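**Q** Chains as they are written, first to last, in the numbering used here: chain E, 1 to 382; chain V, 1 to 382.
Don't read these hints as lab results, they were simulated from the structure.
Which copy is meant is left open, because identical chains are indistinguishable; a pair holds if it fits in one copy or across any two.
Here are the simulated BS3-like cross-link-like pairs (lysine-lysine), alpha carbons at most 27 Å apart as the crow flies:
no.	residue 1	residue 2
1	Lys51	Lys190
2	Lys16	Lys26
3	Lys136	Lys216
4	Lys41	Lys362
5	Lys84	Lys115
6	Lys362	Lys26
7	Lys261	Lys26
8	Lys115	Lys83
Given the structure is predicted, the values throughout are model-derived calculations rather than measurements.
There are 2 protein chains.
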Amino acid sequence: MNIYLDNAATTQVDEKVLEVMLPYFKENYGNPSSTHSHGRKVKAAVEESRKKFADLLGANPSEIFFTSGGTEGDNTALRCLTKKYDIKDVITSCIEHHAVLHTVDELESCSNVNKHFVALNESGMVDYEDLEKALKDAKSSSLVSLMHGNNEVGNLSDIDKIGSLCKEYTAFFHCDAVQTVGHYSIDLSKTHVHSIVGSAHKFHGPKGVGFMYLKKGCDIDPLILGGSQERNRRAGTENIAGIVGMTKALELCIQQMDEHKDHILGLKVRMIKALRERIPGVVFNGCSDDIENSLYTVLNISLPPSEMDNFLLMQLDLNGVSASSGSACASGSEVGSHVIKSIKSCSSSKALRFSFGRYNTKEDIDRTVEVLEKICSEKVIS
Amino acid sequence: MNIYLDNAATTQVDEKVLEVMLPYFKENYGNPSSTHSHGRKVKAAVEESRKKFADLLGANPSEIFFTSGGTEGDNTALRCLTKKYDIKDVITSCIEHHAVLHTVDELESCSNVNKHFVALNESGMVDYEDLEKALKDAKSSSLVSLMHGNNEVGNLSDIDKIGSLCKEYTAFFHCDAVQTVGHYSIDLSKTHVHSIVGSAHKFHGPKGVGFMYLKKGCDIDPLILGGSQERNRRAGTENIAGIVGMTKALELCIQQMDEHKDHILGLKVRMIKALRERIPGVVFNGCSDDIENSLYTVLNISLPPSEMDNFLLMQLDLNGVSASSGSACASGSEVGSHVIKSIKSCSSSKALRFSFGRYNTKEDIDRTVEVLEKICSEKVIS
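Please model the complete structure; the sequences and the hints are all you need to start from.
**A** Have a look at this one:
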């Protein structure tokens, strides 16, 4: 099997995560909304998970709502906050995930919301002065939607700074934290944010489950209607195995965060160094090679332009390396990355995203650089 | 552990279902939207599942969309068909699941849709003449939303008849088939229905995954935005293990449908007979004791009124029987069942729903009737 360097698209489920999920596919099969013993047993599992999950993020259990994933979470937070609080101005950036951008577009066309894109610097970092100006200029109730870590180039935003600005100008702050939950320490008791969302499969949990944090006092109507689950915020029978698994996944991530970070950052630094040495003309897109300002899990590069540009991922794949051109969610479409296009300093050559995880090794990196070097010298083994 | 007679709330995952899911929590962990080998492997699994799932329902693979469950499916079909086709009249019934009723209420309040409740006969069966009248009277594009099998009392609708009427009057037909998929033979190549939804955990699949069938030619925009998954109809990384598991669950159900039906119907008939013999004054709510017109999986009864009325489920639970008062989705709320209240012939005493599955035995039934008899004679063992 290929070397897997696409951990920003999805991660391998941790064995310990699967282990805690199994009883909920077997003997503990009740519906948590049922009041009998079969139901109570799983209800307890959901609520214990909620408590543990909240503790791990510095939140209150009543602020955690389980969803089917990050995309549903972004849709719910943005649409339901906008509706409930009659938001008229949404300030976001053009390099957000489509789960945010497409939802904001819909709010613009169907709910008369004004969309404002905050300026980005050459490397795609949020221009905080421009954000402040936009907040000042907003004529009515406004909402800022800015992601924590960019899924394509890895740029990290300072969510404490954004939160403070939002607080100063009484704006709502929604944060897509899909790439950072489980990888960065997030303390929601300190950060001023109204909603954040995450997805289990990005931090070694299962696919099909995520969460939405909704700050105490924020009162939304559900996006998905039809039952009193999740305290009337999200109808539908709970994905118990998923919820229990996601909670275990977050617990494992947080317990070993420093260790994982050291290991993964080491791999990223090793790759940057090797690429600089062995591939003259390599471009690091966004802030990818800026250790402080980018995700330690993501490295986005462009090779020197060549006639191989459109076949790079295929060549990598044929040579045993799974990488991506950017967001997996957009890879079905033939248009290029909206993120790369929006960042001035990005190369015009095809971008390659390598994203690292706890199961990667130095050997994975060395082999990958070797393959890239061969591709560049057109001595491709296929 | 209790005798489990709440299979309409959720069912135990079949061992063979879990078996096919496991590789997608382990080695096959890619994101199906990724183009490399890890991604292609799971993409193939999703598309093979779609093909198999479609075949089992007489549909085309392009008509099947995977969702997070029945509730999301009802929300999507109703809201997106209404929006796309500018539906102005929705004809439904007051005994639909809340996933339908609450969604229709929202369409009424936010999208200027007129809601019309079709008349029901004394037992809660759809009055087809009244449905035809409503279709005739509809002034504009209309949509009929009627469920296949009622989750509380078990009443079965004739979806072929409803489909024919909708065809005659060029109305859209949405059907919540959550209680019948996997339990009844459904051939979508023959039934005139625009959308149906189902949920895996109601037919021995996992929780957190369902499907929406959308007839070829129906073109909706997605409810959940942000990615090109499910051919642009439902954004978000696919729950592969869930999708593979749901497909296996449906396959097993359909392979052994007659055998399961004989067994489960035998249990229901045994319970009806025993209750009639041993509990004078027992009332069968809706069409519950009408074998032809109700789900073979559901029996809804009321015991003769007594001061124990509010403690029946607790008494059953204490005596080792897991049953329910109706919909699990509404059990968190303290208001009584909207279904029981809407059906004239239903007893005013507390309703008890017993719902049977393939793992139940005659002994489960005999023991349950024994407990009910004891409760009625107030000689309750606790």
